[in-house]
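Hints given; two lone chains; assemble the complex.
Same order as they appear, the protein sequences are chains A and B. Read the first sequence against numbering that gives the first Met the number 0 and you will find it ends at 266, with the numbers running on by one and no gaps. Read the second sequence against numbering that gives the first Met the number 0 and you will find it ends at 247, with the numbers running on by one and no gaps.
Any given hint might turn out to be false.
[Unchecked claim] Only pairs whose alpha carbons sit at most 35 Å apart, straight line, appear in this in silico DSBU-like list of lysine-lysine:
id: 1; chain 1: A; residue 1: K170; chain 2: B; residue 2: K70
id: 2; chain 1: A; residue 1: K79; chain 2: A; residue 2: K170
id: 3; chain 1: B; residue 1: K71; chain 2: B; residue 2: K119
id: 4; chain 1: A; residue 1: K170; chain 2: B; residue 2: K119
id: 5; chain 1: B; residue 1: K124; chain 2: B; residue 2: K221
id: 6; chain 1: A; residue 1: K170; chain 2: B; residue 2: K124
id: 7; chain 1: B; residue 1: K124; chain 2: B; residue 2: K70
[Claimed, not checked] Footprint (simulated), chain B over chain A, 3 or more residues, beta carbon under 8 Å:
id: 8; region: 202-213
id: 9; region: 231-239
[What the hints assert, rightly or not] Sample of chain B residues lacking proximity to chain A, with all beta carbon distances greater than 10 Å (derived):
id: 10; residue: E7
id: 11; residue: G22
id: 12; residue: L53
id: 13; residue: G59
id: 14; residue: T95
id: 15; residue: R111
id: 16; residue: D157
id: 17; residue: R183
id: 18; residue: Y216
id: 19; residue: R222
id: 20; residue: E232
Derived from the structure by calculation, the hints contain no laboratory data. Computed from a predicted model, the values in this text were never measured in an experiment. Built from N, CA and C at the ideal position, the CB exists for glycine as well.
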Amino acid sequence: MAKLGRAIREIHSLENLAERNTFFNRIHPTAKVLVTIWYLILVMSFGKYDVTGLFGMCLYPLILMISGDISIGQAVRRLKPVLLMVFLIGAANPFFDRTPVLEAGGITVTAGMLSMLTLFCKTGFAVFASYVLIATTTMEQICYALRRLHMPQILVTVLLLIYRYLVLMLKEADRITQAYMLRAPGEKGVKKSAWGPLAGQMLLRSMDRAQRVYESMTMRGFRGEFFLRGSFIPLRQSVFYGVVWCLVLAVFRLVPVFELVGRIFIR
Amino acid sequence: MDSIIEIEDLRFCYHADRYVLDGISLAVTPGESVGVIGANGVGKSTFLKILAGLLPEYEGSIRIADHLLEKKNYGEIRRRLGYVFQDSDSQLFMNTVEEDVAFGPLNYGFSREEADRSVKEALRKTHMEGLAGRHIYRLSGGEKKLAAIAGILALQQDDGVILMDEPSVSLDPANRENLIEVIRGLKAAKLLASHDLDFIYDTCERTILLSGGEVVYDGDTKRLLRDKTLLEENGLRLPLSFRFPGNI
Numbered sequence: 000m001a002k003l004g005r006a007i008r009e010i011h012s013l014e015n016l017a018e019r020n021t022f023f024n025r026i027h028p029t030a031k032v033l034v035t036i037w038y039l040i041l042v043m044s045f046g047k048y049d050v051t052g053l054f055g056m057c058l059y060p061l062i063l064m065i066s067g068d069i070s071i072g073q074a075v076r077r078l079k080p081v082l083l084m085v086f087l088i089g090a091a092n093p094f095f096d097r098t099p100v101l102e103a104g105g106i107t108v109t110a111g112m113l114s115m116l117t118l119f120c121k122t123g124f125a126v127f128a129s130y131v132l133i134a135t136t137t138m139e140q141i142c143y144a145l146r147r148l149h150m151p152q153i154l155v156t157v158l159l160l161i162y163r164y165l166v167l168m169l170k171e172a173d174r175i176t177q178a179y180m181l182r183a184p185g186e187k188g189v190k191k192s193a194w195g196p197l198a199g200q201m202l203l204r205s206m207d208r209a210q211r212v213y214e215s216m217t218m219r220g221f222r223g224e225f226f227l228r229g230s231f232i233p234l235r236q237s238v239f240y241g242v243v244w245c246l247v248l249a250v251f252r253l254v255p256v257f258e259l260v261g262r263i264f265i266r
Numbered sequence: 000m001d002s003i004i005e006i007e008d009l010r011f012c013y014h015a016d017r018y019v020l021d022g023i024s025l026a027v028t029p030g031e032s033v034g035v036i037g038a039n040g041v042g043k044s045t046f047l048k049i050l051a052g053l054l055p056e057y058e059g060s061i062r063i064a065d066h067l068l069e070k071k072n073y074g075e076i077r078r079r080l081g082y083v084f085q086d087s088d089s090q091l092f093m094n095t096v097e098e099d100v101a102f103g104p105l106n107y108g109f110s111r112e113e114a115d116r117s118v119k120e121a122l123r124k125t126h127m128e129g130l131a132g133r134h135i136y137r138l139s140g141g142e143k144k145l146a147a148i149a150g151i152l153a154l155q156q157d158d159g160v161i162l163m164d165e166p167s168v169s170l171d172p173a174n175r176e177n178l179i180e181v182i183r184g185l186k187a188a189k190l191l192a193s194h195d196l197d198f199i200y201d202t203c204e205r206t207i208l209l210s211g212g213e214v215v216y217d218g219d220t221k222r223l224l225r226d227k228t229l230l231e232e233n234g235l236r237l238p239l240s241f242r243f244p245g246n247i
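This is chain B alone, in the form it adopts within the complex (with noise of 0.2 Å):
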């Protein structure tokens, strides 16, 4: 199978004595859904970035969608992919859920039918349906996250990418749970960068484990989650589905 996300030998540096990213290639095949793991200021956010072009000094090769990541390519590359930011304030900006959710496909000359087709879906999608209205300061947490997905699926496709930098952040336990269900529920390719480790294993079917800028460790969610040496070795803990057997 072709992959949508083809990286080779990538590597970045935010100063010239350290690479944070050094040498890493990996692929991704459409609808897959991969976990990025890794401890703190490893460079699972930087990574990501970087594949959504938020940091074009890089060093390799990356091809999203059969398009070279560079500059001139960043608008047909960005209308196939979408980037969920940690912090869901900085992502939406208009002033109701329909019109920030409405902002992309205005933005690439969809027509006004096809945008409120596009918002409409988008909204059913991720369970939205009733706070198309809502002013986007009176949305819970849990509530601005599913609306900056729904940002992002609004001009996706089901074979475009979804990147999603810490998800699950700030979530309560039905929003985390909603988010899920609607992750799931998603055709695109997907990475998600995080450190909850449980939600990457409910989430992602294969994971790659980043230390020391490079991958160590590329394969099945749940034999790296049950690796409880690799993970230690690399700064992280057993996630508490795997701490208590008895429980899964």
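So here's chain A without its partners, still in its complex pose (with noise of 0.2 Å):
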């Protein structure tokens, strides 16, 4: 009960830092989707074992949000059960690859290591990027910028009323439980003879309402097309935001820029 009413508070306490007035919040939705695609395609086109290459792109997340004002530790907390899906996926390569790839400091590399820290990174970027994207972007300005880009219009709206109709489900669930909870003071959890009836209510429940807003939204003229809000800089402004970044992660996908720099110092 509690960690729904929690799960409830962070997404509206994402949606606060989306509606936050800093520079990054007021770039132009389609630069940012844009540039975040680009980030997402150059990082999961590194290769398996490219472990180097691939550490110069944690620059763009990082860069974002300390210069954002985006907590670190706060967007690690959110992002826990993702990267611990991760660890857990990844942890069982070097079981699977034993190849050894290279000695360091009298520990054996194996191809397995390599290519489980490449999956930490690539995810774990991959994350972190999609987590800025959020939290200087609202869902609403995301669909808009999607549309934009030529998305289909039916993933656009269903990838809008999925967000909407989670937090519907959330709330719907967290009712359903604290109304059990009352009536069960003595137990500790949901006994497992209720958990049938409770997911169906649940189910039935959240489809009623999530037609209700449905319905609200047709009321209203809703057809898909989404409208762009707000107050952003300049448009010559975003433009340059989104060239210069894409010029720099492209430059960073060909050329393992980390390895240069190390070479400077490694003569």
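Here is the structure:
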């Protein structure tokens, strides 16, 4: 019950972050979405064992979080479940791929270890970059940007509705479990025999509520189009932001920048 | 005077064996305020939903603002007709009050300046100017109700129609009074479905009483709400205002 309430508050807290009046929040959402997509493509394009090249890509989310006043600790806390899941998946790699690749400080580094590290980095960077986007752009702005980028209307509408209905479902789940707890004060958690009925009720009530939200949207003319509201920096500045970051990220992808810098110091 | 709503022989059933609405005919003139009352389950909300186009499988004929109520006219009709849900939480889905109120105008092609003007005017009518930037989840029940009404008003002109389903539910006395004042100030035609007979008395000069799928009374609100026999025969009771006559 407390967890559900916390999840709802976290979503509201993210919405508050996205509505701040910082420089990054006021960049045109299309530019931010485009850079994020480009970043994700570049990060995923690194080879399975290309760890050194990948490290350079950490700069994008790091710079944005520091200069955008987005708490890294809070981001880590929020993304813990995802990062943990990736850790569990990647942790198996060293057991399946034991081909030695190099010796470092007396430790044999295997291909499995490299691929595990690459997996962590890729997923971590991708997740943090997405978090930065969500923390600086509202869902409506993201949907608007996706439509501007010619993503099919049906997909964008589904994305928006999933987001809206997620909150509804959490609230319904919270209400139902509260009602249960008030009538089962001595119990810890929900009895197994109640799981089925509670889940069924939650689903029915969420569907009912979602139907009403949809009716409310269509009653006010919703036809799957999205509109931009809010004040943004001049378009030229957003374009400049987008172009510069795309170029910098492309350079970091094509050139092993950290390796080159390292060579300056290690001759 | 031409009617803004014309209903002829309206019939509707959820299940084949029982008609919830069985032969309703009435007309509403522009600017008129009509209460819709009846016992639980009599079809008040169903009636409003049919008028809003949310239940299209009805029989009979309905004309709203000179348009026949059918799918191809929904866009035009909904431009002039607003529906305030019983549950405001279902109706408010944007982040802030201002964004939610602007949702309708933007969808109907208002320019940003026109939308901003509509929003300001709608918030002024509902005394919500100070809450424009407030997050929806931070609003009280009464504020949510007023925000939902503002969202409808942003599209409405004075010659439109507003449907309200249980508008006074969950409102404290102060917010209730505020809502009554707002409704009295609206020039659009209004249909208010409510169990709160005192609220109907305060806001509607005309009331229809539904029972058994039919309209058993259609006329002056005060006369209906003083008729103890008629109310009790149809599952209702005298409103509190009339139980203590010294207070009126």
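How the hints compare with the structure:
{"no.": "1", "hint": "K170/A x K70/B", "result": "33 Å, holds"}
{"no.": "2", "hint": "K79/A x K170/A", "result": "22 Å, holds"}
{"no.": "3", "hint": "K71/B x K119/B", "result": "31 Å, holds"}
{"no.": "4", "hint": "K170/A x K119/B", "result": "31 Å, holds"}
{"no.": "5", "hint": "K124/B x K221/B", "result": "27 Å, holds"}
{"no.": "6", "hint": "K170/A x K124/B", "result": "31 Å, holds"}
{"no.": "7", "hint": "K124/B x K70/B", "result": "31 Å, holds"}
{"no.": "8", "hint": "202-213", "result": "holds (count 3)"}
{"no.": "9", "hint": "231-239", "result": "violated (count 0)"}
{"no.": "10", "hint": "E7", "result": "24 Å, holds"}
{"no.": "11", "hint": "G22", "result": "26 Å, holds"}
{"no.": "12", "hint": "L53", "result": "6 Å, violated"}
{"no.": "13", "hint": "G59", "result": "21 Å, holds"}
{"no.": "14", "hint": "T95", "result": "8 Å, violated"}
{"no.": "15", "hint": "R111", "result": "8 Å, violated"}
{"no.": "16", "hint": "D157", "result": "19 Å, holds"}
{"no.": "17", "hint": "R183", "result": "24 Å, holds"}
{"no.": "18", "hint": "Y216", "result": "29 Å, holds"}
{"no.": "19", "hint": "R222", "result": "34 Å, holds"}
{"no.": "20", "hint": "E232", "result": "33 Å, holds"}
Violated hints, listed in ascending order, are 9, 12, 14 and 15; each of the other numbered hints is respected by the structure.
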